[in-house]
Amino acid sequence: MKLKGWGELTPGAVILEAGNAVEFKTGSWRSFRPIWKEENCIQCLFCWLYCPDMAIKVKDGKRAEFDYDYCKGCGTCALECPGKKGQKAIVMVEEAK
Amino acid sequence: MAKTVAATGNEAVANALRQVNPDVSAAYPITPATDIMQRFTSFVSNGKVKTEMILVESEHSAMSACIGASAAGGRVMTVTSSQGLALMWEMLFIASGLRLPIVMPVVNRALSAPLNIHCDHSDAMGARDSGWIQLWSENGQEAYDNTIQAFLIGEHMDIRLPVMVCMDGFIISHSIERIEYLEDNEVKNFIGEFRQLNPLLDIEHPVSYGPLILPDYYMEFRKAQDEVESKVFRVVLDAAKDFEKISGRKYGLFETYRLDDAEIGLVILNSAAGTSKDVIDEFRNRGIKAGLLKPRLYRPFPYKETGEALKHLKAVCVLDRADAFGGSYGPLFIDISTSLYTYSKKPILINKIYGLGGRDYLPEHAELVLNELTEIAKTEKVKTIKEYIGVRG
Amino acid sequence: MARPLSLKEISKKEVLISSGHRMCAGCGAPTVIKMVLLASDYPIIAATATGCLEVSTCISDYTAWKIPWIHSAFENAAATISGVETMYRSLKKQGVISKEIKFVAFGGDGGTYDIGLQSLSGAVERGHDMLYICYDNQAYMNTGIQRSSATPRGADTTTMPAGSVVPGKTEPRKNLTRIMAAHDLPYAAQASPSHWMDLMKKVRKAFDIKGPKFMNILSPCNRGWRSRTDEAIMLSRLAVETCHWPLYEVEYGVTKITFKPKEKKPIVDFLKPQGRFKHLFKPENEWMIKKLQEDIDREWERLQKEASLSAP
Chain F
1 MKLKGWGELT
11 PGAVILEAGN
21 AVEFKTGSWR
31 SFRPIWKEEN
41 CIQCLFCWLY
51 CPDMAIKVKD
61 GKRAEFDYDY
71 CKGCGTCALE
81 CPGKKGQKAI
91 VMVEEAK
Chain E
98 MAKTVAATGN
108 EAVANALRQV
118 NPDVSAAYPI
128 TPATDIMQRF
138 TSFVSNGKVK
148 TEMILVESEH
158 SAMSACIGAS
168 AAGGRVMTVT
178 SSQGLALMWE
188 MLFIASGLRL
198 PIVMPVVNRA
208 LSAPLNIHCD
218 HSDAMGARDS
228 GWIQLWSENG
238 QEAYDNTIQA
248 FLIGEHMDIR
258 LPVMVCMDGF
268 IISHSIERIE
278 YLEDNEVKNF
288 IGEFRQLNPL
298 LDIEHPVSYG
308 PLILPDYYME
318 FRKAQDEVES
328 KVFRVVLDAA
338 KDFEKISGRK
348 YGLFETYRLD
358 DAEIGLVILN
368 SAAGTSKDVI
378 DEFRNRGIKA
388 GLLKPRLYRP
398 FPYKETGEAL
408 KHLKAVCVLD
418 RADAFGGSYG
428 PLFIDISTSL
438 YTYSKKPILI
448 NKIYGLGGRD
458 YLPEHAELVL
468 NELTEIAKTE
478 KVKTIKEYIG
488 VRG
Chain W
491 MARPLSLKEI
501 SKKEVLISSG
511 HRMCAGCGAP
521 TVIKMVLLAS
531 DYPIIAATAT
541 GCLEVSTCIS
551 DYTAWKIPWI
561 HSAFENAAAT
571 ISGVETMYRS
581 LKKQGVISKE
591 IKFVAFGGDG
601 GTYDIGLQSL
611 SGAVERGHDM
621 LYICYDNQAY
631 MNTGIQRSSA
641 TPRGADTTTM
651 PAGSVVPGKT
661 EPRKNLTRIM
671 AAHDLPYAAQ
681 ASPSHWMDLM
691 KKVRKAFDIK
701 GPKFMNILSP
711 CNRGWRSRTD
721 EAIMLSRLAV
731 ETCHWPLYEV
741 EYGVTKITFK
751 PKEKKPIVDF
761 LKPQGRFKHL
771 FKPENEWMIK
781 KLQEDIDREW
791 ERLQKEASLS
801 AP
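Residue numbers (my numbering), protein chains in the order written: chain F, 1 to 97; chain E, 98 to 490; chain W, 491 to 802.
Chain F extracted, bound-state conformation:
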């Protein structure tokens, strides 16, 4: 992104575009990647709620894929996942080097 000159700035540094932080991708911070195993998912949505990075998509009240553009790989979703019959629906794997 081309940096703006002083004459192009909003007075008082006010940011006018709500939620434009989505343009800043944090996925590259990740060293572990969560993998969703749909077959073990009970749709409790805890992962969606606990995710600090809003990196789990939900469609019509149902869990969808991870948003790897933003997931920082903290693993909270995997730890909190109740899974099905002792089988986790989210597992963490090391990012390929």
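If you are wondering where the hints come from, they were derived from the structure by calculation, not from laboratory data. This one's a predicted model, so the numbers in the text were calculated from it and none came from an experiment. Keep in mind that the hints are not guaranteed to be accurate.
Only some residues are given here: those of chain F computed to face chain E with a beta carbon under 8 Å [to be verified]:
no.: 1; residue: 6
no.: 2; residue: 9
no.: 3; residue: 11
no.: 4; residue: 12
no.: 5; residue: 14
no.: 6; residue: 16
no.: 7; residue: 18
Here are the computed lysine-lysine pairs in the DSS-like style, where the Cα-Cα straight-line distance is at most 27 Å [to be verified]:
no.: 8; chain 1: F; residue 1: 25; chain 2: F; residue 2: 37
no.: 9; chain 1: F; residue 1: 84; chain 2: W; residue 2: 498
no.: 10; chain 1: F; residue 1: 59; chain 2: W; residue 2: 503
no.: 11; chain 1: F; residue 1: 37; chain 2: F; residue 2: 62
no.: 12; chain 1: E; residue 1: 285; chain 2: W; residue 2: 583
no.: 13; chain 1: E; residue 1: 145; chain 2: W; residue 2: 583
no.: 14; chain 1: F; residue 1: 25; chain 2: W; residue 2: 556
no.: 15; chain 1: F; residue 1: 57; chain 2: W; residue 2: 502
For each residue, glycine too, the CB sits at the ideal point set by N, CA and C.
Using the hints, position chains E and W against chain F.
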């Protein structure tokens, strides 16, 4: 039709604030400014204004609440003095950095320690580089007029900066003078409707105030703010012109008194200028060409215009009612020297520190200084550049 | 207003804090904020004190906030939001605005327990219609894990590091929720993101009460607590189950414990996974654990007594 009254400086400023009728005010009492807010809150209690008061627990919170209220989107004012202004210091830079046109009469008072409630300019001088516009006032009339103009100036869309209106504690704030008030609707029409840029309360267009700015942009924001300062002069002069139309009273960036053909001159702020003018008249009667310059817009400082007004004099004394510690000269002296720096032919400058903590500034002080200037003009010799006057040895 | 709190329903709402913020991986705070914003049925305007949350969510040219938001300084989130709220009341009275809007201030424990306590106390006393939320991560995390008055006894911080003479923080934490309740404000509560339903119910209740409200929400910080990045929710749960962080509310002076652990776990369960308490497990420091347990037992006793006195 203007109305002539006998009123104190505080009373006049409170009346100006009533006529402006801001949406919100947050304030904390401090002598000698308390009286303004007491008067103003009685307007609130009796339904004379629409203002919602926030009676905060400190001046820091007063300025913080003003910042929140102004960013929310409306006209905001507060009043303070001395320690109160010092406690606000952090927030002053934030108000100007966020470009919020808050208006704040400052009733000038000394700073602690030692504790002193009387007049000097240490408080506002300490805040002179905080990005606020500063208008200084010789008397109650000027404090009243400046308070009204402050709203028009600060709220100008090219500027959007907070404004301090300074007047001398007790000497002006608590002395009764003859003051001409404008009609309420004249004030209302003069300042016009307020419109905030990007108000927080515009829920349909959510904005974020106060981001973290990293080195990639911080300097650009500072440069932008510096650039805004340069636009203030024209806006102040335009406001003065419009104000003259309704009041008949003339204002500029500064006031000159018998300065055009003067050989020696005083530069002095606020109430002491009045005393000095009388003494200048006496010197003129004796055939000595003395004059005076009284800054009004002190921040941003009109260096060019001030230098131009003073450059032809032989000797000038800058009188400071505050000292800048650190072995330096008084703050006003530093600015006046700077304004003359670029001229090859310029007056000899001396600096007197006077009137600290409410010490009286008497005609004989002005006399003493003018005599010394007469001598300097003749001999071109200076004994001491900076000196305290009216102080015991 | 009484929408049922089901995740299925809530998940259909837009989350008003966006991805792309720069809080550390596994930080508890964004989850807390997300829950607060999701719980509200009203449009919200927020002020935030200087701190982790503030610097990481609004770095020019980016903001993660989808609601009107203001940060001005560290110690004054309450004063700042009181200004916004007052302007709202003024303009509403003048007929300029008609919408119902709610006002929230977020501050960390530094900005709330310590440097911002005066500003918070003042705003609460003045009766502004606002909800103040403290996301309590138990130290000055933004400046690098320094001791705060919210830091628990025994914790290792960078300004009270555990050494051969000083065994970490020697003083107990300040009980801010109680201090706020002592303001006789309409609503004060303590919550934890592990108990999300309890947290969101409290937020909803708070928004429906006029006047000043305070919520203290535990917000684990893996950097400062020296824990794994995936443990924020787990640790906040252990804090509740050990009664280190009891969940309760004080509504118009009536205290109610909103969650009673079936079996109160020993405090070591909370301490063990955290590196900041590692030194307490050395034999010479065991007395500190005992003291910590005593602190907790005493407060839990007191709280139960208070709740039983308030019980209908």
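A quick look at each hint next to the structure:
no., hint, in the structure
1, 6, "4 Å, holds"
2, 9, "5 Å, holds"
3, 11, "5 Å, holds"
4, 12, "4 Å, holds"
5, 14, "5 Å, holds"
6, 16, "5 Å, holds"
7, 18, "4 Å, holds"
8, F/25 / F/37, "24 Å, holds"
9, F/84 / W/498, "18 Å, holds"
10, F/59 / W/503, "11 Å, holds"
11, F/37 / F/62, "14 Å, holds"
12, E/285 / W/583, "19 Å, holds"
13, E/145 / W/583, "15 Å, holds"
14, F/25 / W/556, "17 Å, holds"
15, F/57 / W/502, "10 Å, holds"
Checked against the numbered hints given earlier, the structure satisfies every one of them.
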